[in-house]
Amino acid sequence: LGMPSMWSGKDNGDQDGLRAEEPHPIPNDDGASRSSRRSHQPSRRSEEPTERTRLLDRPRPPPNSDGYLDPDDPAVSPYNLWTVRAMRYLTILFLVITFLWWVLLLVSIFVSPPGLHTRGSGFFDFAYTCLTLGNLLVATIFFVTPARGLRITTAIIAGLLAIDMILILAVPRIRLEEGWVGIASVVWAFVMAVWCILTDRVVAYGKHEEEERLTGRAETRRTLKEWLAVTVATILTVIFIVIVILMTGTLGMRARDATLKMYGDRILVDGDKYAVHLACVGNASETSGSKDPTILLEAGEEPLEYDFEHWAYAAYKNGTISRYCYWDRPGYAFSDNAPSPHSAGMSADAFSEALAKSGEEGPWILVSAGTGSIVSRIFSSRHMKQVVGIMMVDPLHEDLLHRYGGAGRGFILWAWGIISPLGTVRLAGALFKGRTREDRVYGRNAYQSGKYIKAQLQENLVADSLSKNEVSSARNIQSANTPLVVVSSGIEVRRDSEWERKQKDLTTLTDNLVSWDVVNKAPHQVWNTLDGRTVMEKRLKQLVKAAHKIKSETESEKEQ
Numbered sequence: 001l002g003m004p005s006m007w008s009g010k011d012n013g014d015q016d017g018l019r020a021e022e023p024h025p026i027p028n029d030d031g032a033s034r035s036s037r038r039s040h041q042p043s044r045r046s047e048e049p050t051e052r053t054r055l056l057d058r059p060r061p062p063p064n065s066d067g068y069l070d071p072d073d074p075a076v077s078p079y080n081l082w083t084v085r086a087m088r089y090l091t092i093l094f095l096v097i098t099f100l101w102w103v104l105l106l107v108s109i110f111v112s113p114p115g116l117h118t119r120g121s122g123f124f125d126f127a128y129t130c131l132t133l134g135n136l137l138v139a140t141i142f143f144v145t146p147a148r149g150l151r152i153t154t155a156i157i158a159g160l161l162a163i164d165m166i167l168i169l170a171v172p173r174i175r176l177e178e179g180w181v182g183i184a185s186v187v188w189a190f191v192m193a194v195w196c197i198l199t200d201r202v203v204a205y206g207k208h209e210e211e212e213r214l215t216g217r218a219e220t221r222r223t224l225k226e227w228l229a230v231t232v233a234t235i236l237t238v239i240f241i242v243i244v245i246l247m248t249g250t251l252g253m254r255a256r257d258a259t260l261k262m263y264g265d266r267i268l269v270d271g272d273k274y275a276v277h278l279a280c281v282g283n284a285s286e287t288s289g290s291k292d293p294t295i296l297l298e299a300g301e302e303p304l305e306y307d308f309e310h311w312a313y314a315a316y317k318n319g320t321i322s323r324y325c326y327w328d329r330p331g332y333a334f335s336d337n338a339p340s341p342h343s344a345g346m347s348a349d350a351f352s353e354a355l356a357k358s359g360e361e362g363p364w365i366l367v368s369a370g371t372g373s374i375v376s377r378i379f380s381s382r383h384m385k386q387v388v389g390i391m392m393v394d395p396l397h398e399d400l401l402h403r404y405g406g407a408g409r410g411f412i413l414w415a416w417g418i419i420s421p422l423g424t425v426r427l428a429g430a431l432f433k434g435r436t437r438e439d440r441v442y443g444r445n446a447y448q449s450g451k452y453i454k455a456q457l458q459e460n461l462v463a464d465s466l467s468k469n470e471v472s473s474a475r476n477i478q479s480a481n482t483p484l485v486v487v488s489s490g491i492e493v494r495r496d497s498e499w500e501r502k503q504k505d506l507t508t509l510t511d512n513l514v515s516w517d518v519v520n521k522a523p524h525q526v527w528n529t530l531d532g533r534t535v536m537e538k539r540l541k542q543l544v545k546a547a548h549k550i551k552s553e554t555e556s557e558k559e560q
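Counting in UniProt numbering, the sequence shown runs from 1 upward without gaps.
Hints are all accurate, no fakes.
Once the Cα atoms are required to be at most 20 angstroms apart in a straight line, the calculated PhoX-like pairs of lysine-lysine come out as:
id, residue 1, residue 2
1, K385, K549
2, K385, K545
3, K357, K385
4, K538, K549
5, K357, K273
6, K385, K291
Have a look at the derived ranges for each label pair, beta carbon to beta carbon:
id, residue 1, residue 2, range
7, K291, F432, 46 to 56 angstroms
8, G408, V242, 21 to 31 angstroms
9, V144, S465, 44 to 54 angstroms
10, I239, F432, 18 to 28 angstroms
11, S358, S285, 17 to 27 angstroms
12, R201, G408, 45 to 55 angstroms
13, I419, A258, 14 to 24 angstroms
I should point out that these hints are in silico values taken from the structure, not numbers from a laboratory. Just so you know, even glycine gets a beta-carbon here, dropped at the ideal spot from N, CA and C.
Whole structure, please, built from the sequences with the hints as guidance.
Laid out in structure tokens, this is it:
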């Protein structure tokens, strides 16, 4: 009896022993279980090893059964490649360099730093820099979402910029106006467009390689966030394409306008920084042994070649005058833009230098209109011996310069200048309204050019400060016996009582007033009406006679 019970007990004991020796399940080796095990369970090293204890720890199991990462895993990134990281850092560096250049060009619109002045408006190089800034911003913001459509649109931008670069370099007049600043800006814009294409292609390649290495295949699908990024980037580059197309069209139109022949010459002034256009009609003559005065025309708010000079030419043909000269202020018609800031006194000095270089000598009778009368008055005070007469047509009084120097008007001019390279209105006029080169250079559409807008902005910035001080000083210096004629617009006088008072005040500029006429139904451009032209020519003839009289009296006094 004891034996069976003994064997029986032994069997039971063996079974119990086997059950006691069952291996412990291997826990999942994830981060949470490991931290939990460290906190609440003793270390495996502290456990008593058995014959079932593993000699080596079990390796971490892969996320997927095939051993690859999930495509949405943050570790699947093109940034794993040092080439992609280096290109991103370079893109950011180029973005910073472009931004600093953008700031410098923005400042140069208002104050020209040494060596950065261009003889053009300066708005084109600023526009190219804005475009470069936009391209680099798109490339930086959407760096990790490369797209073939984005590369295609950027390639179109690069191709158009290449055309612009060729136009600027091939057309001498545009190359001269843009200078090294404009050339550098368009070349940089082209190079950065090519860089953006290269960057996007390298990121796409790196993304493809990393996906194949870490997930086993290249991902063809996109998340909603990626689709939105690609869509926004593509829309922005399409807008850039439209901008560059308009700028290319405007450049082509400028190249066409550069072929327009002009009468007279461009003369370098102010240390050869820029050139102004000066032309003279007629030959020097004498009357009773005395040299006839030359009429010097000064434009108002618009280039005088369009209509004001036509009146002078008619007076020349009628024999009222024997010779006249006219010029374009910096930024007007055929003249280059001057460095900023540029005041009325600086314009008078440029005119004086141009006359001296061309060999022109007095006596002179100054005929000016509108804002040009400010320049003529300053010129007269600096050439009192040569100026023998002054005629002002609806002139601007120095006390009203604040109307032209307001901050609101300045901001509008600056805004128009910034968008002027697009040339939307000018292109539409050329395509659909038959506007000619003459219209764009000095005619009805001249106000749309970047050069003219820059000139107006320069006049606005210093109108109520430097220019006002200069003309106020000129009034005190002005010779009192100089013959004076004032012709005012009847419409402006009736519309604005302050304008009427200031017109009357200008008749006291000298003590030798020949005539003051208010032409009824005449606008600010008095010469646009027949009565206005008739009165102006009549008074100019009287002024020439008065100038001869003054000169003969002066010579007789010298002889005595």
